[in-house]
Amino acid sequence: MGSYVPATAAERREMLDAIGMKSEKELYADVPASMMLDHPLNIPSGKSELEVRNEMTKLAAENKVYDTVLRGAGAYDHYIPSIVKYIPAKEEFLTAYTPYQAELSQGILQSIFEYQTMICQLTGMDVSNASVYDGATAAAEAAAMCRDRKRTVTLISAAAHPDMINTVRTYCYGTNHELRVVPAKNGVTDVDALKEMLTDDVASFILQSPNFFGQIEDAKAIGETVHAAKAQFIFSFNPISLAVLNTPKEVGADIAVGEGQPLGLPMAWGGPYLGIMTATNRMMRKLPGRIVGQTTDHDGNLAYVLSLQAREQHIRREKASSNICSNEALCALTAGLYLATVGPDGLKEVAKQCMAKAHYLCMALCEIPGVELKYNGPFFHEFVTVMPKRDEVLAKLDEAGILGGLEVEDGILWCATEKVTREQLDRAVAIVKEVLA
Amino acid sequence: MKLIFEKSVHGRKSDLLPACDVPEVEIDAKFARQEPLPLPELCETDISRHYTQLCQRVHGVNCGFYPLGSCTMKYNPRINEEMAALPGFTSIHPLAPAASVKGCREVLDTAKQYLCEIAGMDDMTFQPAAGAHGEFTGVMLIKQYHRARGDLARTKIIVPDSAHGTNPATAAMCGFEVVNIDSAPDGCVDLEALKAVLGPDVAGLMLTNPNTVGIFDENILEITRLVHEAGGLCYYDGANLNAVMGIVRPGDMGFDCIHMNLHKTFSTPHGGGGPGAGAVGCKDFLKEFLPRSVMMEGEGRIQVRMFEGNFLVVVRALAYLKTLGKEGVPEAATNAVLNANYLMRKIQGTFEPAFDRTCMHEFVLDLSEFKKETGVSALDVAKSLIDRGMHPPTMYFPLIVHEALMLEPTETESKETLDEAAQIFRDLFELAHKDPAYMQAAPHHAQIGRPDEVKAARSPILRWEQA
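Heads up: the protein sequence lines correspond to chains F and R, in order.
For the first sequence, position 165 matches number 165 in the working numbering, and the numbering has no gaps at all.
For the second sequence, position 177 matches number 614 in the working numbering, and the numbering has no gaps at all.
Quick caveat, the hints were computed from the structure, so don't treat them as lab data.
A virtual CB, placed ideally from N, CA and C, is assigned to each residue, including glycine.
Incorrect hints may have been included.
Covered stretches of chain R (in silico footprint by chain F; criterion: 3 or more residues with CB under 8 Å from a CB of chain F, positions within the stretch not fixed) [unchecked claim]:
{"hint": "1", "stretch": "555 to 568"}
{"hint": "2", "stretch": "634 to 640"}
{"hint": "3", "stretch": "647 to 656"}
{"hint": "4", "stretch": "662 to 670"}
{"hint": "5", "stretch": "844 to 851"}
{"hint": "6", "stretch": "884 to 893"}
Isolated chain R (complex conformation) (with noise of 0.2 Å):
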């Protein structure tokens, strides 16, 4: 279709402000912009036209099944979007006087009440924007901590090779030196490479539990032990906290921090890539390390972004949690590893599971034997599946398992969509044997067919130009 600017009519406008009622006034030449604005010029039809055209070549969690492993792509509740659009909500002021924002007080103080006692924390912070964002400030939590004791030789933070890339760029970002240990066959942490590593030199450990392979790691009170006897703290990735929540606790597993990701296990959308929410939470040793304390050394206050954070997303979380409550929240959870568990087996005698055991909310499939029979990769097969109206689970992650697919299908579908998805897998592991070269230049009826990925990244076109 074409671009937005390539529907611009010069002098087309929409009327949207009256007539100035108070004199102009002129601009310093000195400071007044020289250079056109060649923004588009279009009509409110043809804006309107547009963007439902550009909607329609969208698949959304509305469209249908959507198992991206990792990315928990739960039903987003329509209640929760009208709440978010109370203009009480919208219209108020980031920096309004306190005694006019009690409404707004109230929705972080409730929701932080709901969510430490999902978590198993003390208190928490809404500042962070997203997922990567809470682990910048989770992680910063455990800097201050160790340079407020004065121990400053801490320099390492330990990251499993099966944990999301976040991690490791995150521990770079808090200035720690990344010490990366292999995973056991199975996925969880090696306790001989976790305590080869421990030393007076450790800042902490992050991790995810249940792990990037689906596994909840049953050694966690050990894990969290060792780290904590060495002088470490335990960092909790919350993306995966849709298996467990109201069911275990991160706080009961040991952990001094965590964030969660609101977008991911409290069913606000993403938005095709955000804004999410990163709420991070902590025991109270921590609490006066989070945003707004005094910093450690120099001056300033930590803060990881402007304002209280994306607080429209947190009204979302909280009418979600108010509508699941203390009953909702831990059925949730079961569900959602019950679906994964069920998917796995029905999809099971076809494509493997790396790991062929109880999963939780999310497993992964190893198909580097297929591969070798079929000359089908992974690749294709998630190219298949959007010819199949299923968008394609999260591939070649986690990194320890070879031609992965990671699916997750969450709580909210029912069980003829995991039918018709087991269904859907099973008619294309058929297909790989009979005709491999059709599944390898999939996907035949999508949008597009696949991108020239080498072509965008050598000779970069990054903005449309006037021919």
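For reference, chain F alone in the conformation it holds in the complex (with noise of 0.2 Å):
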């Protein structure tokens, strides 16, 4: 019931006078009548702010909020503390456009290279970009970066998301490149395939750990064999993990990415997310997207401006290292803010209590008859069992709030964060228990 129109009635005459029209429908003189809207849209009448807030909280009342999220696979439930809220709210974060115009952007832009330093100090990564879409788009536009004219196929591990291996595939058919899945063997890379399938076309292979299956991968010795055979290593990451896990740096990444979600995002069925990009320095001017960077202005006083952006498509056009435009800065400003909050103990601790409560969750589970775990590989915060009546310890477990882990394969992939307590944990297992008794 309202268009957010200031003008009144009086003042739109008094413009149409100003510039000489009739009526409003002058203004569309340009358009061909056989092709205007001969209708009125076939969409509901306008309506008032509280009707539009009961709509809407009605639809949001209309999903079920589990007391207890036991499942992970791509999209993750922790804490996050009121301040990373409260920040990006902010109406000059919230409504200001991409800094074009550094003078009157200095908050943003410098926000953007504090985000990016962190990021360097949490992966060990020389540079980062200001994000891209997510996760896996950063693995797709990373596989992008690597090929030339000799290496043009990209190999990833089939122990990587489901989604992040169709995303790739769906870039790599884009630009009409191969992309070839190397298989997994026990829940982890298969890495005698791996080293066959290393041929010299063959332009990166990505890694993804902890994997799909929670599993830590042994990255370093594959990042050797990947360079070994002349090839970039892309490692794909989870940002908490890296608190306590070997950094993409330890393990010889050429480039670093990883869905930044978990660094104070909600999951929010899915979006929006942040795609976090690093890169060694070598490879810095093939990285897409915006890149903030420090420099003067001409009385020497320190600023900070969109850089490098010869890479761009505004500039480059078809010749760009990648379409991008909007990114997903407000999410980098979040994921800064709550890296900031936390600080080095705190993402240690966050990151610790994540294994433990997993650990525990799967000692719990694995000690009732019947229920095995899937794979025995170390592992972070994911882990796989395999038992009968999944769909009824599924069920059982929804009906009593607790949203279960995720039907993966034969099994169920569990997952528990430092926002569960032993209690909570002890009630899913019992239930779980009482299903297979």
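Could you fit the two chains together into a complex? Lean on the hints.
Written as structure tokens, this is what we have:
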């Protein structure tokens, strides 16, 4: 019941007079009459703010909010500190456009520069861009950075997230390049198969660790194998896990990418999320998207600007490194804010508690007769079990307000974060036990 | 101001989590992080003040006029933010069982229904996270369509030279050769130039209408007919949809698929560079190729990202559409066009429009004569506007107009704001004739003076490092 148009009817009349028009119809004189909509849009009439609020609140209420979330698989239910919710809602951050005009965008530019720095600190990598859409598109863009005339094929581990594999495949299909999937064995990348597949047309190999099944891959050894074949090593990480696990730099990544959602972003049924994208200095000028750099103004004051723009679509058009323009700036600001809020000790604590709770859940589940751990390698905060009556187990958990693990192959992929208490875990385990008894 | 790292004090922290209530687990040394984790250490007061200082150094739509052409910087209603923050939306796992996400599904279904009606399309995906991502998704529909018919000879996409840079970049990402065609003098498609490149090797045309100079291409039916006759498809870049929503539909102009920038036309905030959402609509015959569909060659499914898309952005757009409804949508469009024409005429006589005719939601000023007279460039005028509290227009775009400034006031600005803006332009026009040097050194009262971009690119400093 409104269009947020401030002009009153009298003002509109005045404005039409000022431009010498009799009616608003004249504004559209260039539009062929035969094409104009000859009926009102077939959507409901506009509503008041109160009605809209009621309708939207009702829609939200039709979703089930679980007390306990034991499902991950690419989206994780972490605790979001209050301040991490409040600051990104500040209207200036929220309503600004991409900081093309540095002179009135220093706040946004500095926030991105700080984000880039924190991501480098977290990953050990030399350089980070300002973000891409999500972890899967980050992997797809990374693959494109590695290809050249001779090396055109991308390899990806079958133990990577299936949505990521499909996204990389779609991007490869776009540019008419081949993607080959390296099989998994016992829940991790089959290194023997990888060695065979590393032919001299391979540009890069994408490894995710912890992988889709939660297993920690022997990334360092795999990286050495990839480099021995003169291909580039793309490493996909979970940012929380890096507080305690090897950094991409330590495992020898040329490009490291990750889904930034665990860093203070709600699960929100899939988005907005954050594609983290980092590289070594050698790859810097191939990175897609925005990058903020530090410089000075004509008086020598420190200043921040969008930099290295010669890579980008608005300059290079069809020769650009990517078509990306809008990215996920506010999510990057949120991730930086989250990292600064929890600090180094806090992030380690989150990571350790995730790991401890997932291992506690795993042990308790595997003590139940009939439940078996599917893969025996080390894991971070996700693992796969096999058990009878899978559907019934998940249904009973659901009834109790618990979102159980995800059905994967013949098992269930479980996840625990710092948010769940021992009591919640015990309750879930008791339900599983009851169903299987 | 200082960087957050320079405010860090070792040992400072916030207490956020209880002590761990289950036994700790040791990490195998082989996999444990070796290098230190040098993140900043602050307490909540430090954080709050740091980010408040940062936000005081940002010009948002809430701060003042923001006529950034092609970006549709309309007001972002607060109710939409509140609705997108409802726990019933934010706490939903993307892989939760279908029965538990009926509300989310209905948000997408309803938004799809409204947006398809506005676009004149039959089906839609919300997977793309931004406009350019939508273009990629849309042009992939065109690619899949031709492949499905076994028509492998169509390797080219036509893009006018007035197009957004994302268009040719997208076509390249979809494996097509880009055929750039010159625009007619009025910025519209040159029909003869189009005919000259159409043939059995053309997969499609990417076009925005109103075009990037803010003019509605009146030959549009002829353009789409010619492309279809040659066996190609027509892609609509929805960046300029705000001018015509509820008035004329891309589907009725002959377009086969379209992306809509929910963060432009449908009032969701841009967040300083995202997140956006690039909803992609298509006609019935293309829907079998939308994301999640089976890839035409090889194995797997088309997917342009994880999960369903930037869902919370769609929530905001739906709240906006419910507010506007069938009356408000065309009303917003009409007033966007009225505001643009009013501002253009108010400025005219000093700075001159590149095309002296009725514009749509935006118009382009051509400052090449003015620069010859005064030595003051479009850049200098833009920087001088900053001193007057106004966000500059889009500069040096489209490429077909030299010394271009592109203004898009949007419908949510009042007559007073437009009158004030016009006065500022007139003042600057005078100033340029009196004291060009002052304008060439602008801004004088901003957070910083003009930054040295050459230095930034030649010796890149892209992160802070401990001294």
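Of the hints given before, which are not true for this structure?
As far as the earlier hints go, 2 and 4 are violated by this structure, in ascending order.
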